[in-house]
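> If you're matching them up, the sequences are chains A and B in order. Under the working numbering, the first residue of the first sequence is numbered 1, with each subsequent residue one higher. Under the working numbering, the first residue of the second sequence is numbered 1, with each subsequent residue one higher.
Keep in mind that the hints are not guaranteed to be accurate.
Because identical chains cannot be distinguished in the list, a pair is counted as satisfied if it fits within a single copy or across any two copies.
Said to hold, decoys possible - DSS-like, lysine-lysine: derived pairs with alpha carbons at most 27 Å apart:
1. Lys400 x Lys35
2. Lys6 x Lys127
3. Lys94 x Lys127
4. Lys240 x Lys52
5. Lys35 x Lys123
6. Lys94 x Lys15
7. Lys457 x Lys52
8. Lys7 x Lys107
9. Lys45 x Lys6
10. Lys400 x Lys28
11. Lys94 x Lys241
12. Lys123 x Lys464
13. Lys240 x Lys6
14. Lys4 x Lys400
Source of the hints: derived by calculation from the structure; they are not laboratory data.
Protein chains: 2
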Amino acid sequence: MNEKLKKLHQLFYPKTVAVVGASNNPSKLGYHVMKSLVNGKFAGKIIPVNPKGTNIFGLPSSISLHEINEPVDLSIIVVPAPQVPAVFRACTEKRVGGIVLITAGFKEIEDPQGTQLHEEIRKIAEKAAIPVIGPNTFGIVNYANRLNATFTPEFSGNPQGGIACISQSGGIAHLLSFIAMRENVGFSKVIGLGNRLNIDFADIFSYLAGDDATQVLMCYVEGVDDPRRMIAHLKEVNKKKRVVVYKTGRSQVGDRASLSHTGSMAGSHEVYLGAFRQAGVLTVNSTEELLDTAKVLDRCPLPGGNRVAILSAQAGPGIAAADLCAEAGLELAVFDRETQAQVNACLPPLALRSNPVDMGPAWYNAEALSRLIRAVMEDPGVDGILLLTMFASANVDIIKGMREVLISWHQRKPVVGCILAPEGIWDTQIIELEERGALTNFPTPERAARALTNLLKSMVLRQKNEE
Amino acid sequence: MNEKLKKLHQLFYPKTVAVVGASNNPSKLGYHVMKSLVNGKFAGKIIPVNPKGTNIFGLPSSISLHEINEPVDLSIIVVPAPQVPAVFRACTEKRVGGIVLITAGFKEIEDPQGTQLHEEIRKIAEKAAIPVIGPNTFGIVNYANRLNATFTPEFSGNPQGGIACISQSGGIAHLLSFIAMRENVGFSKVIGLGNRLNIDFADIFSYLAGDDATQVLMCYVEGVDDPRRMIAHLKEVNKKKRVVVYKTGRSQVGDRASLSHTGSMAGSHEVYLGAFRQAGVLTVNSTEELLDTAKVLDRCPLPGGNRVAILSAQAGPGIAAADLCAEAGLELAVFDRETQAQVNACLPPLALRSNPVDMGPAWYNAEALSRLIRAVMEDPGVDGILLLTMFASANVDIIKGMREVLISWHQRKPVVGCILAPEGIWDTQIIELEERGALTNFPTPERAARALTNLLKSMVLRQKNEE
Chain A
1 MNEKLKKLHQ
11 LFYPKTVAVV
21 GASNNPSKLG
31 YHVMKSLVNG
41 KFAGKIIPVN
51 PKGTNIFGLP
61 SSISLHEINE
71 PVDLSIIVVP
81 APQVPAVFRA
91 CTEKRVGGIV
101 LITAGFKEIE
111 DPQGTQLHEE
121 IRKIAEKAAI
131 PVIGPNTFGI
141 VNYANRLNAT
151 FTPEFSGNPQ
161 GGIACISQSG
171 GIAHLLSFIA
181 MRENVGFSKV
191 IGLGNRLNID
201 FADIFSYLAG
211 DDATQVLMCY
221 VEGVDDPRRM
231 IAHLKEVNKK
241 KRVVVYKTGR
251 SQVGDRASLS
261 HTGSMAGSHE
271 VYLGAFRQAG
281 VLTVNSTEEL
291 LDTAKVLDRC
301 PLPGGNRVAI
311 LSAQAGPGIA
321 AADLCAEAGL
331 ELAVFDRETQ
341 AQVNACLPPL
351 ALRSNPVDMG
361 PAWYNAEALS
371 RLIRAVMEDP
381 GVDGILLLTM
391 FASANVDIIK
401 GMREVLISWH
411 QRKPVVGCIL
421 APEGIWDTQI
431 IELEERGALT
441 NFPTPERAAR
451 ALTNLLKSMV
461 LRQKNEE
Chain B
1 MNEKLKKLHQ
11 LFYPKTVAVV
21 GASNNPSKLG
31 YHVMKSLVNG
41 KFAGKIIPVN
51 PKGTNIFGLP
61 SSISLHEINE
71 PVDLSIIVVP
81 APQVPAVFRA
91 CTEKRVGGIV
101 LITAGFKEIE
111 DPQGTQLHEE
121 IRKIAEKAAI
131 PVIGPNTFGI
141 VNYANRLNAT
151 FTPEFSGNPQ
161 GGIACISQSG
171 GIAHLLSFIA
181 MRENVGFSKV
191 IGLGNRLNID
201 FADIFSYLAG
211 DDATQVLMCY
221 VEGVDDPRRM
231 IAHLKEVNKK
241 KRVVVYKTGR
251 SQVGDRASLS
261 HTGSMAGSHE
271 VYLGAFRQAG
281 VLTVNSTEEL
291 LDTAKVLDRC
301 PLPGGNRVAI
311 LSAQAGPGIA
321 AADLCAEAGL
331 ELAVFDRETQ
341 AQVNACLPPL
351 ALRSNPVDMG
361 PAWYNAEALS
371 RLIRAVMEDP
381 GVDGILLLTM
391 FASANVDIIK
401 GMREVLISWH
411 QRKPVVGCIL
421 APEGIWDTQI
431 IELEERGALT
441 NFPTPERAAR
451 ALTNLLKSMV
461 LRQKNEE
């Protein structure tokens, strides 16, 4: 690991964190940062820094970084922009490992003073080789050590998982986190890049390539100063991890707005998309698709091919999913003779016994359900399964009927589902199936079908990249 | 109102309901139907019919329809298919107003006996002019009188609203209902058409055209026997109500499957789409888009034009929404001089003060927020507003800051939002704003933008239809 990556590791895994601008006043961001660290139950030591030197969140504060008598691995800075250069100098003297700079008011504001300040602190950080996340960021979260170094304590509520959320927008990162909470999608890290003083996508990609906690990089990109460097690093990390990118600025208005927002060149959207494709990375078109794709990449094995079987407890959702799969170039698997015989043995002579299969008549028969599902999963002509089941009062036990066969199969091929009931009915069972690796579930059949489709697209793009 | 429509009205607003095949045994559909009626607190009288004559759900049962000493407005039938003709004859003798036939096993099964039975009961019903919902349906719900005539008691959990959900698939209707519960979308009726013995989309369209409780028809269509008749009635109802259609069977596999499922011609998808367009009706491509569009049609006034203002508490979501609006042909409004001056007065000189507006710097300033939002809403060059706000611990009061201006404005122009927080933080406030008609909210900025876009598309299609 080179020096920069070592320091980034220190930044994400600090033993001691100083909060410069810590406060007991809820109208200050320094209050919310302290709340995040303390309520998030950070595994290391927290040192509030505040000129008043009072207790903050019950912790004794230091009046300055200089006054701290031990090494500081990470310094989170929330003081006003004009004070930041002095704090940066203190950080270099203190040999701080890394900085999260939450403060805004640098390159992104129209005032030329912002750009000057930006340059000033960039030089200080570069000379001391200190990695800086920000400025103008909400911060970072590392779920491995419960480090919530953001101004939003609620980030600690996300379940832990294999997805690193890397975002150029705080708003989008918050959105992804809140939806992920509702839909039980687990994160390894959340990283708000902000205005990228000296740490950009490229650096994070290099770092995460070696991060065992991260399997998937879920990226929201508006635009960067050095797209070639980003793409080169993306290509490398894409060999070790799975990656999905949501790039905005497709339209002129969006592009102009992102230029103002991030303080850096956004530029031609098509050039970006072409570069992502060349790097073998899948791009998507909405936050919902971004999160769904990251989830399926994190939880499913790669399919062996494009032949999908649709097993649905009701016909309609199966038809909706079949449409979407067909449009995306997936094939509906033709069952081999043995599989079809098994399916026929499990269902009465209704029409939908080929693919998609309507399992409706087997609602009450756990044994038939299991046999049917297992036969289809084991069919060598099937590369992935879409499993769709809407709750009805009469079929409440259907999930119990499918449980064992799904758990023992353990997604040897992807099992992407839309198993849905009103809140409080199947929640525990669905979470159990997901946590045991037996199922990857989505709220609608179309979202399930799109996720499976994107899993396949991602695999094909990656293979091209490797050739 | 003609005779058929009068009888349909009797079917949806019965005083007395008989359940033929009612049961205390949870493994029977007749149990779940009784549970739906009783737990749903149906406003009329419920008479279980069961040959054993025991008490069912605490209600005395009759051993047959003949034995009931009062008029029966609606008869729900859940006995096996071979017994249905006899029950239909009893219904005609009893002069029952209407039938919901839940039983399956008619035209949709391969066995020619199914088709024979179908014809037999069709003739009985037609001769007596009894409208029949089904066979092979989950049933119907009417929220106005709390009639849950389905085998799924959970349908009673949906909030009441202006959307009639009309579905050719039970699975899709259940899905729409469960998502609607989570997202606070209100229904007037849920209608599972099943295999349409003598009541098809066309008849339901005619009936709902005169239903005061219904503002929006949300339709899931696979295929019908007489598309021309459906389209003619659709064109008529589209003049009185707002309509949105999700048609599956786009792909060959989907089309083949829906043929088997519904027992009727599906046929060329493009022909259907063309016909819907000619009828001035918007079609969509997923269950999620169907529900979102129905919601926006139910809750928003029609915009005067295609000029949208995007007000966002964080830049990223505003950029994502701007992309989507631009792609869909919406224009980003150019504020007039007065509006721009007001916006400039409310925000520091950051870049995003034109459209999209980044309200970030006004998080803490309710007065600035209100002034800014009101100025944009009143701008004559603005036809609709997208209001995007992601929660952060520090901006928890922003929703209070926007509350009054939104309530007093009362969507004189559409205010479509994505105001999002982790569960339990803003839920009550968002529901209050929605119920007071101040906001139409969605879970992601892209879904909000698409809903506003579809509201406009729907209006343009309807205007063409009227010309």
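> Determine for every hint whether it applies to the structure shown.
Verification of the supplied hints:
no.	hint	in the structure
1	Lys400 x Lys35	between (41 Å within a copy, 22 Å between copies)
2	Lys6 x Lys127	within (17 Å within a copy, 84 Å between copies)
3	Lys94 x Lys127	within (14 Å within a copy, 94 Å between copies)
4	Lys240 x Lys52	neither (48 Å within a copy, 68 Å between copies)
5	Lys35 x Lys123	neither (31 Å within a copy, 72 Å between copies)
6	Lys94 x Lys15	within (15 Å within a copy, 82 Å between copies)
7	Lys457 x Lys52	neither (56 Å within a copy, 59 Å between copies)
8	Lys7 x Lys107	within (24 Å within a copy, 70 Å between copies)
9	Lys45 x Lys6	within (20 Å within a copy, 75 Å between copies)
10	Lys400 x Lys28	between (50 Å within a copy, 18 Å between copies)
11	Lys94 x Lys241	neither (35 Å within a copy, 70 Å between copies)
12	Lys123 x Lys464	neither (40 Å within a copy, 62 Å between copies)
13	Lys240 x Lys6	within (19 Å within a copy, 67 Å between copies)
14	Lys4 x Lys400	neither (51 Å within a copy, 44 Å between copies)
The structure fails to meet hints 4, 5, 7, 11, 12, 14 from the earlier list, while all remaining hints are met.
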